[in-house]
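Produce the entire structure from the sequences given, and follow the hints as far as they go.
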Amino acid sequence: MVDQLKEFLVREQSRPLQAEIGAQLGMTENAVKQAFHRFRQRYRVLLREEIAHTVAQPGEVEDELRHLISVLRAG
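Here this note's numbering is used: the first residue of the sequence shown is 1, the next is one more, and so on.
To be clear, the hints were calculated from the coordinates, so they are not data collected in a lab.
Please note that the accuracy of each hint is not assured.
Here are the computed distance ranges between Cβ atoms for each label pair [what the hints assert, rightly or not]:
1) T28 to L65: 28 to 34 Å
2) G26 to A74: 36 to 42 Å
3) E62 to R38: 18 to 24 Å
4) L46 to L17: 23 to 29 Å
On a predicted model such as this, the values are computed, not experimentally measured, just so you know.
Beta carbons are placed, not taken as given, at the ideal position from N, Cα and C, and that holds for glycine.
This is the structure in structure tokens:
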């Protein structure tokens, strides 16, 4: 299930619909949406924790995160 949900992290035109993933996994579309929501929440927590290991002060985490997002959007 995690592999199918990972596909939603990268915004591509060819990504499968949540309903298609649900059908593959024997889940409803709503269950897939809920699982993906929890997956994204956990991903955010882990990303912030990793960034916290790379900055000098805890207050720098949000600035570093914004910088990372801007770089990813530009690419």
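Kindly confirm whether 23 to 29 Å is satisfied by the beta carbon distance between L46 and L17.
Once the Cβ atoms are compared, 26 Å apart, the range 23 to 29 Å for L17 and L46 holds.
Could you see if the CB distance from G26 to A74 stays within 36 to 42 Å?
Since the Cβ atoms of G26 and A74 sit about 39 Å apart, the hinted range of 36 to 42 Å holds.
Outcome of range test on Cβ distance (E62, R38; 18 to 24 Å):
Because 22 Å falls inside the window, the suggested range holds.
How does the Cβ-Cβ distance of T28 and L65 compare with 28 to 34 Å: does it lie in that range?
Hint holds: Cβ distance 33 Å, inside 28 to 34 Å.
Comparing the model with each earlier hint shows no violations; every hint is respected.
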